[in-house]
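Produce the entire structure from the sequences given, and follow the hints as far as they go.
Number of protein chains: 2
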Amino acid sequence: MRYNNGKEENKNWIISEDTFDSYHLGKCESIMCLGNGYLGVRSSTEESYINAMRGTFIAGSFNKCEANEVTELPNIPDVIGMELLLDGTQFSLDKGQVIDYSRDINLKNGQLTRTFIWVYNNLKYKFTIHRFVSLENIHLVCQKIEMTPLSQDMELELKSGINGQVTNNGAAHFVEGDKRIYENRFIQYVTKTNESDIAFFVNTTHNISIDCCLCDSQGLSAMDRRKVLLEHNIIVPKGSKLVIEKISNFHTTNDCDNKIHDLKALKEYTYRRLEKQANVGYDELFKRSSTVWLEKVWNNYKIEIKGCDYTQLAIRFAIYHMIIMTPVHDNRMNIAAKGLTGEGYKGHSFWDTDIFVLPFYVYSNPKIARKLLENRYLSIDAARNKAKQEGYEGAMYPWESASINDGEVTPLWGNADVVTGLPIKIWTGILEQHISADITFAIWQYYMITDDLNYMEKYGYEIIFDTATFWASRVELQDNKYVIKNVIGPDEYKEHVDNNAFTNYMAHFNVSLAIFYYEHLSKNNKRLFDRLNKKIGIRRKYSSWKDCIDKLVLPQPNEDGIIPQADGYLDKKIIKLEKYRNQSQVGNLFKDYNLEQINQMQVLKQADVLLLIFLLESSFSKDVKIANWNYYEPKTLHDSSLSLATHSILANDLGNSELAYSLLNRTIDIDMGQKMKSSDWGIHAASLGGIWQCVVLGFGGVRMVGGILRIEPELPKQWDELKFTIYYKRCKLLIVVDKKKMRITRKGDSLKTICFVHKDLKYELGDKIIIML
Amino acid sequence: MRYNNGKEENKNWIISEDTFDSYHLGKCESIMCLGNGYLGVRSSTEESYINAMRGTFIAGSFNKCEANEVTELPNIPDVIGMELLLDGTQFSLDKGQVIDYSRDINLKNGQLTRTFIWVYNNLKYKFTIHRFVSLENIHLVCQKIEMTPLSQDMELELKSGINGQVTNNGAAHFVEGDKRIYENRFIQYVTKTNESDIAFFVNTTHNISIDCCLCDSQGLSAMDRRKVLLEHNIIVPKGSKLVIEKISNFHTTNDCDNKIHDLKALKEYTYRRLEKQANVGYDELFKRSSTVWLEKVWNNYKIEIKGCDYTQLAIRFAIYHMIIMTPVHDNRMNIAAKGLTGEGYKGHSFWDTDIFVLPFYVYSNPKIARKLLENRYLSIDAARNKAKQEGYEGAMYPWESASINDGEVTPLWGNADVVTGLPIKIWTGILEQHISADITFAIWQYYMITDDLNYMEKYGYEIIFDTATFWASRVELQDNKYVIKNVIGPDEYKEHVDNNAFTNYMAHFNVSLAIFYYEHLSKNNKRLFDRLNKKIGIRRKYSSWKDCIDKLVLPQPNEDGIIPQADGYLDKKIIKLEKYRNQSQVGNLFKDYNLEQINQMQVLKQADVLLLIFLLESSFSKDVKIANWNYYEPKTLHDSSLSLATHSILANDLGNSELAYSLLNRTIDIDMGQKMKSSDWGIHAASLGGIWQCVVLGFGGVRMVGGILRIEPELPKQWDELKFTIYYKRCKLLIVVDKKKMRITRKGDSLKTICFVHKDLKYELGDKIIIML
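Protein sequences, first through last, are from chains A and B. So the number in the working numbering is just where the residue sits in the first sequence, counting from 1, plus 2. So the number in the working numbering is just where the residue sits in the second sequence, counting from 1, plus 2.
FYI, nobody ran anything at the bench for these hints, they're computed from the structure. Some clues are possibly wrong.
No copy is singled out in the list; a pair is fine if it fits within one copy or between any two copies.
Using 30 Å as the maximum straight-line C-alpha spacing, the simulated DSSO-like pairs for lysine-lysine come out as follows [stated by the list, open to error]:
#, residue 1, residue 2
1, K161, K581
2, K278, K624
3, K161, K97
4, K266, K593
5, K126, K97
6, K229, K593
7, K240, K97
And the structure:
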């Protein structure tokens, strides 16, 4: 990977691949993925390679392909692929010689570009290939392939259309579809998911020209199972430029912008739309989309880092991906752990959204944050059902979520156990219960930062109360104390643990918050109180919350200040971990031990107690923080992409800015770095959110603690200046930090008083304030 | 393709590929396919290529993957593929330099061998790769990969196991399976078809050795969706030979040799069997299988052609394929149009079996012929259902058959119509009705040649009667004549035709035969007559048969002697066909015209009237035969693989042995020739049967005409001698023909009198007879 392509206007906007490597394709397919929150299109090449993992995904179009599988986001019919026969040879960069190769994703405008010269059999061809997924029209995918034969006239055989023979790793989600070719030019494929019954409409067409003159090549139609193509045979004179524009659109019956509901009419409608789009042409369509990137994205989410190109690029990379992963168009949908960039985690949403990505939106675009939290409300009935099924009360959120009514969708079986040779049972869907408290935490954070009382009244309070009710029903009495037995905490290398510190503290926070708001509403908003009481019986539950809080075990620091991650944790075996901490791929521990064995060792997949310290920082003294850092960090493999960013922020908090910076860089490296396998199944939404958190909450020092904004920046020595914007209580604040001072400027004309603390001093913000550091 | 590898012992036994071409893989995958009638394994390479069409099929394991699709033979989990990383580079013949390449199928022992030297990055590796599918144990598939690093020590990373992520062109037939690795060595994958509920048990293991010393490489287990693998990292010293034996077995709950029916017990049983087989090792397992090839196949089906290597090899090729396509182990199964060599025609059986392949078995191994005809009896209830569904009586056989109870399985939609852009409706399943008469013809032929009265009494008569009843209900009265309207004849380029000559004559033959046997049984076998009457009411039907025969229209030759293929055929437009007759791929006509247009032209896909003349040769005068040949042949595109062989035999009958020989060669070329696309979806069972027919029935002149054996050989000038064996009336006859004489020797000790005719003279055969030609 290369991170700077030289040109000033694109400086720190472009990530490039210098050398094509057909063995390691997943990386660029994922990190250079295109999308717009509705569509995600992996950046697989037009030509095929055996290690390619083509993927196109539409947010929320979940399907359960067979009874024994869980609901997942299907890989939908592909338009990107095409077969190119150049002078009788199937084009492939594995053959012949490739000169001046570059594949670039331009984060500024969302365009993917490949350029190279291909030499085969002494024939030379120049290629430039562009592609984008429109941010202006979310249904639109456009490609432009430019080819010039340099050594002689070229005979091109092009097979291109729509390929519905796609599966999610062999799991087929679609029934055989309807194929149609209109006017020998427009190709349509309409299919349905086999269980959720969502119809997909895919249309594509080609504009072919030579030296800017439209070619009237009569395509020859070809249909196969789940496939419909046109074949073109074109002669291109030596030195002439052939341009193939492939314009495609995607619609489903699940789209919230659908105004037509009749299948036949939708076929006609989507085909007619494509006709119009195709007539507009690639260049103009691209201009429209890139304008939206500039105006709606980069004008709003601008973060400038002076002094370090790599982190400047990385924060753009993180924001780019958060934009393309977020289904802002439809609050029935949430952010997937891999965004829309791969089949990993089946398109499911986890706490990654609420704890790791949401802060970006809460501080940068509260409207979108609200939509994501509305999504959690829309699935509260499924959470209530889950609680009921498990024998509890209230709302127990699924560990993995798909559609709002699906409930728990965590699969039950994973990879092989090295000892028994049997697949490992996945317990997280049953035991990783902290997510209900995480969601509550996220809601509280959102409310504290945005003051969005309307959200709280319509959705937030109800979630907080019903998750509290869940916890009150979940705890078990033991020696007159409440314990929470048999859970998995964030550190998933320990299963079936009792009194996991993270879980217990967060549950405690959740129930406390419910009590607080209960008391608040009972005094200040009787009408809402009565409505909620009528709906979910809060008056009846209140005493159980109180009882729960009074007796819930909160694991305390031992004489060394160490909070045991769970009961008995500190008695477990300590093993040498160098081998695994220096691994090039995560999960190597499982090559030597099975989970049962790992359960008996002091080794962590990810921050557990440390994440708790980060989220509920005012509950712990600095000494305790340092002691736990020193104890747990060396035992952590960072096998989860959620781990490093938390550690970076904490390291900064604890005064080790150098370590924090190196941990930020490791966070960035998860997707942007040189490890060629780490992103095969998609990018890591949480660590991308983590990059933003490291920059703004970590080095930028922005934090909401106990409902109060704190701003205590601490730049790493590599940075000269950090400049970013946040929204706080509906005010827009521009914060510029350098080594000596911090300047906060208030934008817009709100009259609200904005208070914040800095080094234990409280400030009131007028139009502008400068604080010397 | 190369057809002679030089060594005397293998002369005319080996078909070779000289140059590897990753674009044209289907050809060798199909024609070099391995199998045993239970299993078919396409000869895809171990390493993967994008144009590869891996395929493993088990006879009769049909499944209907979704409601809108038809039942088909699923592509089952693959064991052949493996990923080889050689010194960090993924092995692929598309990269680097390939020296001394050869891929050979040895027809004598059913072993596939690839040898080559691969040079990449200045590193040199020698490969020899063997593979066979056992004919001794039909469940067994064995591979042996030998690799020697020639330039330095080699670091090999091998990923190999079972891959269930296979589909039939995107249509997935299997549910997620159970994965297991035993003793870190034996890999098991158990899955089920999603509709027919057949469980598949696949086991595989590796024996790895370096210079004959067993390697104790500890495999690392890896599971993915529908995939279970072991990863090995092995260092091979320069010059040392690494040998990887991969031994695999396949079982299903549909196997007729299953003695265990509990799934858990079958898992254990199949794994234990593999354990034993793996301990025996490749070389000994191969020896056992090749002994069966020699003793059971080549000792029994020997045909020797002196004077022409290509046809000698071709007849072996045809027999090899007929052996591996025929499910002799289980009469619930029939021969598929593509055998077990590809996904083409979905593993369905057509009249190809009864008219094109069956004669080989009738004359060479009547027991197998009987099994195939038993299969037709087993599906008679499905044929009766089909008749009922279509509003007819009796038994109406499906045009395409899968499992015996499936009934009609012809798909309803095909490729795009070039004019409308819509998929073409496939009418054959509804309209191509001659198959019921074809089956009757095959039964009669079988009976006449074998004298197997037992078959007739148990099955044959009943089929003949009930198909006659179908025809009697199918005909329509028009002007006091019976017509058969709206059918498709063998020439499928004409749909919805009335009084198709082939159909009407064959129906007439069918009903006549029923009348004949009715009268015969009513006189000579009252008990059977009564049983059949009770079962299918033949007494009641008899008069309708008589009536049908009396009035059925049989298209008569016009003044020029031309029998119109169907009503109005001779009035259709005649177009220039050179372009299509010289095509390199079949079906080019459809690139210019749609079926509606083709329906209005005098152009044939395949022999229609000519095939009729071949089958019912005594019904037509020589003049009529010649006139029709001259009229129809130039209008025939031979777009069906059924066409050329018939023409070859007829050409010989009509005295044009040179043309006959050239047509035989074109028949052979369909699969064995140089056209690289023709066999992608599998070999052509009918044309392979056709090769045998050209040799034995054509040039060998063996024919059963009106119940009497006729032997009138006429060798092409390229042949010096033809030597073959046939069974006739349970006697084995060795026939040796050269340019001057024919010698017939009777083998074994039957005392039955064997009569035959030659040039209108009747002969009685003692032990031996020599007739001068």
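Starting from the hint list further up, note which numbers the structure goes against and sort them upward. Hint check: 2 fails alone, others pass.
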